[in-house]
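Based on these hints, arrange chains E, A and S on the given structure of chain D.
Number of protein chains: 4
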Amino acid sequence: MIKAGIIGATGYAGGELVRILANHREVGIVWYGSRSYIDKKYYQVYQNMFRIVEDVCKDDNLAELAEQVDVIFTATPQGFLAGLLTEEILSKVKIVDLSADYRIKDVNVYEKWYGIEHKSPQFIAEAVYGLCEVNRSQITAQTRLVANPGCYTTCSILTAYPLVKEGVIDVDTLIVDAKSGTSGAGRGAKVPNLFCEVNENIKAYGVASHRHTPEIEEQLSYAGNCEVVINFTPHLVPMNRGILVTEYAKLKRNIDGTLLSWEEIRAVYDKYYADERFVRVLDKGICPETKWVEGSNYVDINFVIDERTGRVIMMGALDNLVKGAAGQAVQNMNLLFGLPEDEGLELVPCFP
Amino acid sequence: MIKAGIIGATGYAGGELVRILANHREVGIVWYGSRSYIDKKYYQVYQNMFRIVEDVCKDDNLAELAEQVDVIFTATPQGFLAGLLTEEILSKVKIVDLSADYRIKDVNVYEKWYGIEHKSPQFIAEAVYGLCEVNRSQITAQTRLVANPGCYTTCSILTAYPLVKEGVIDVDTLIVDAKSGTSGAGRGAKVPNLFCEVNENIKAYGVASHRHTPEIEEQLSYAGNCEVVINFTPHLVPMNRGILVTEYAKLKRNIDGTLLSWEEIRAVYDKYYADERFVRVLDKGICPETKWVEGSNYVDINFVIDERTGRVIMMGALDNLVKGAAGQAVQNMNLLFGLPEDEGLELVPCFP
Amino acid sequence: MIKAGIIGATGYAGGELVRILANHREVGIVWYGSRSYIDKKYYQVYQNMFRIVEDVCKDDNLAELAEQVDVIFTATPQGFLAGLLTEEILSKVKIVDLSADYRIKDVNVYEKWYGIEHKSPQFIAEAVYGLCEVNRSQITAQTRLVANPGCYTTCSILTAYPLVKEGVIDVDTLIVDAKSGTSGAGRGAKVPNLFCEVNENIKAYGVASHRHTPEIEEQLSYAGNCEVVINFTPHLVPMNRGILVTEYAKLKRNIDGTLLSWEEIRAVYDKYYADERFVRVLDKGICPETKWVEGSNYVDINFVIDERTGRVIMMGALDNLVKGAAGQAVQNMNLLFGLPEDEGLELVPCFP
Amino acid sequence: MIKAGIIGATGYAGGELVRILANHREVGIVWYGSRSYIDKKYYQVYQNMFRIVEDVCKDDNLAELAEQVDVIFTATPQGFLAGLLTEEILSKVKIVDLSADYRIKDVNVYEKWYGIEHKSPQFIAEAVYGLCEVNRSQITAQTRLVANPGCYTTCSILTAYPLVKEGVIDVDTLIVDAKSGTSGAGRGAKVPNLFCEVNENIKAYGVASHRHTPEIEEQLSYAGNCEVVINFTPHLVPMNRGILVTEYAKLKRNIDGTLLSWEEIRAVYDKYYADERFVRVLDKGICPETKWVEGSNYVDINFVIDERTGRVIMMGALDNLVKGAAGQAVQNMNLLFGLPEDEGLELVPCFP
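Line order of the protein sequences matches chains D, E, A and S. Take our numbering: the final residue in the first sequence is number 352, and no numbers are missing along the way. Take our numbering: the final residue in the second sequence is number 352, and no numbers are missing along the way. Take our numbering: the final residue in the third sequence is number 352, and no numbers are missing along the way. Take our numbering: the final residue in the fourth sequence is number 352, and no numbers are missing along the way.
Keep in mind the hints are simulated off the structure, nothing from the lab. Glycine included, every Cβ here is placed at the ideal spot set by N, Cα and C. Worth double-checking, as some hints may not be accurate.
Said to hold, decoys possible - Have a look at the derived ranges for each label pair, beta carbon to beta carbon: (1) S:A125 to E:N61: 33 to 39 Å; (2) E:Y205 to A:R35: 42 to 48 Å; (3) D:Y205 to E:I38: 55 to 61 Å; (4) E:N108 to S:K190: 34 to 40 Å; (5) D:Y205 to S:K190: 41 to 47 Å.
Only chain D is shown next, with the shape it has when bound in the complex (with noise of 0.2 Å):
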């Protein structure tokens, strides 16, 4: 049995991990760590768990949690584990950090948008950057610390990747508008995440300037092997999971100016995702919706071809609690270990 702790344990991700790791057939959560509930039991928070965790929430003690357990979850704020991390602990245990301090390889681009110091660069290069259906093959027994994608980025990124890597679309015109529910803003205590606030609502925000959008910009440079500068636009929809995104680029028109066939770009698709065990492309017509992937690790995909404007509509969903934070650190584990990479992700999504 691998042994895991989690420090962050009563955030909605972290209470999300405890969900899926509860039936895990190789992994037992032994430290839930929550600095705000310490020697509280953990089901007093989340009602959902009585019953199933018995155990109390511990301080996040990283350096003695290294001691005891094969495997750590940091679903902490953004330079918690920075601060911490060191290479005593690296070399103890293997880490999925599910914040942002080692998904950007470019420390100043981190600093700059995150707006804070970051303490310890030197381990940035060695962070592998944790998505799977991209990155699987360096995630392995070898790897030391991976840097859990981002809920939007795993969206954006995976819907426009085959595109982008096979260098169908202009990605200068890329544009990513992204919905999302309001788990996706933590369980902080702020007003604008009351429920009278964001129900009934939509809005946009961090126009121009939310903190996804250079990892999404970075990793899709690498895909496309040049470099990308999007817009990215999140909106707050009132639902509690769930990611959409809608991008929209130019399609890169062949020689006689004809654009590529619905068919061409399907098969662009399936070149990478069609053994993927969870990216379902949809089948034609369809437009992916949040509610289908509820509860799962899926990311359901499509696209659309407008002839009239030459633009490709790409859309994607995903559960932001699953495939966009615990779901997929699980998966990451399970590669970090050599387990079945769906283990413990074998959640069917609930309708409705």
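Only chains E, A and S this time, still in chain D's reference frame:
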């Protein structure tokens, strides 16, 4: 592998059966019956099942189905199964009926409250009322027909059962005020179930006339060994899943006029539920919330004593599609086939 | 033009006062009190008021305010007004208090249920309980202090009032099961009021201990001329606005053992409400829904007789921010200044 | 008193017309047309109007109606009015048509996108496109037929109009990503509009094929004096009311390659909207939210410049049933009859 067929597989309860059985280790669905969608891929009706279920929907042919499977789930309108059931069918296959056709022992009561003629009353006596926690001993390999309880009913009965059974409350004062999510209304295209009609709204309906009333009364009458006549008032709540019941009754007083203590009433609950896998009596002071059981087969129960009025307020919460329908149906099936009662039902509630 | 000041103008009830008074022909707001947002433009707190209100928020200076305005609305926490009120202030200005400070005549009851010391009990006797439909004759140009009723209270009392007043029901059996939208919980940044905690959920809270209980009991005791002790159970519903109460009581029987007829009970309601501008007793068979009164000052009421149990089930619905708070406060102000009772309150409910 | 008739009075837009006109000082409704509910009391369809509207619903007899009223609102399906309109009718009565029948000047475009034959194209030229802020001068006492703009269209056009009109953006790069509440889908009983299908879900629909596309394109083409072809992608959001559009376009660059400044673009908006009663260009940094305009006739607009991509992100929000339908229809009617443009439309947005 036990072979199962579902009639009414594309209603919400049918869909939940498919979701639950998808992860059941001993059962496989071989017949997705849906008169409305014959020959259509099941996943085209419920896209959450894309890449999980490849089968097409078939007609509702009960007789043919009885030849092919070991167990049939009927998630059908009232009167459907009663109109088709025969001794020959029952001799070949076990049936778990999610409709009300065989729940009420007195056919006159059924016909009065449901307003339809019962076409096969000869099977009523044989049918076992499948409230597992109460009637477990009667649900065995010999049982042919299980009447799966209603959603409101399951919640209402289990919340009060121990106190009625032990004669702790005055049943003549029992009132059940129930609140349900909207999936209980089914997937029929009706104006009152439209998003804009349900959202931002709450109302009572079926006041003093809801069909689950006699079912609750009958079962509590067996428990209390006396005639129970109650007020049951359902309300429609703008959420997908979940039932909450708030029940009121006068506590019987001790000879000296005092009320039972909290500990004494708790002991009554524990007598019946301490070892139950799916009934969670919460810690003192914690009120059940539907969100804490969502997606799972749990019923959460608790109570408060009001010394001022001499009443006990009992509260219960469950997911109407799981413990209130498909989950309990699977629990019954597990009992029918001698499987572990929680096989396929190790569902951890999903929050948020 | 009557000059009004609001203390607590940036809470939800305060914001609703601003919305309603914006279209009031006889009143202008000259003081937007909000300790949290001093010197900030009011519309920067509530962007719906952009281009409608240009004023900045001011401190909560009751004494200074009394010099400047004709009427003060206090939409403040319990204890605030009681801690500041003086004879001098009351000699200068009329006050409509939306808090509970002067609602309960017995200061001991107030202090027990609210858990705070009352700092100015000398004004309790003078205060008029501002339930207009019941106490209209006491709300006059001579009245200095109006205790505006609570939201649950207004709905609970008005729904049962005629039957209690006329002695039609056995008050010892009266139970009030109430359901409220989330704006009733206020705009405080607390985890239980976050979108993800409230959405897709329903729960009871304050069971047998909610502070509106003694207020309901006191007023119904006056009506029935007897001591009324009830069970009152509030529930939190995932919607912004609206309160629905479902009330249960045994009907007293005629000497021959029969129950009152529907027409007789309807006549009792009509006796009190037929001429009321804001109370709508619905047609037979129609259950009140919160959506039908949203944004308006109406209370919708109806009842069902259950011959089986001998109980009457009464139902009432209102908008907790309008008739349950700001609307009723304006109705009281209209009475205080001899204006038409519905001035500014010709609000047509908004659907959907 | 101007006499008005409504055909389609029991749809959501029709109901909103009734709500708004209830407080209009110069107009009275004398005909509530609803083929589905003939002879039924109007309030029995919409209980919010109980005690406010006593009339019964009548048949949709356009010719008879033309004899009785001064203005007809048609809130009817596409093709209805086109199939019945005659010169005789138009000679007797003014018509504000909330359908698409006379919005598009090129009948071929109409027939292609709507898939129906236009039965009275002879009136298209005469019809004025009733986007008041753009075409006010054409909506006069002489106007007989107003084509009231679509909900998505009003929001999409007004948000981009000044920048297109002044040639500030490259219209070939214009993309409109729109999000709508569910009342826009109407009151038809269809499975996709059921509460459980919409709630906790977001999806795109009508991708590259939605009927509002050519309407937006035509109007923006007039504004820009060039052919505008756009991508327009609507999304369904789990809320009752509200449309938010997020629009993307490349800013044209100055000769020196620099972008227009925020102040310059703001000045362009102010040129067209500074004096508009119902268009609110928000303070810098404030993103429009649908909640802030709910129930009112406002359109809230703002923009962000992204120096990195050279794009401007424009955002607009309105209430689809008010400024997007009934409110704008009343605004048009006010213009037709020389009334103050905001008569009956002094609606303060309701929050929360």
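We went through each hint and held it up to the structure:
1. S:A125 to E:N61: 33 to 39 Å: violated (60 Å)
2. E:Y205 to A:R35: 42 to 48 Å: Since Y205 of chain E and R35 of chain A have Cβ atoms about 44 Å apart, the given range 42 to 48 Å holds.
3. D:Y205 to E:I38: 55 to 61 Å: With a Cβ separation near 47 Å, Y205 of chain D and I38 of chain E fall outside 55 to 61 Å, so the hint is violated.
4. E:N108 to S:K190: 34 to 40 Å: holds (39 Å)
5. D:Y205 to S:K190: 41 to 47 Å: Hint violated: Cβ distance 32 Å, outside 41 to 47 Å.
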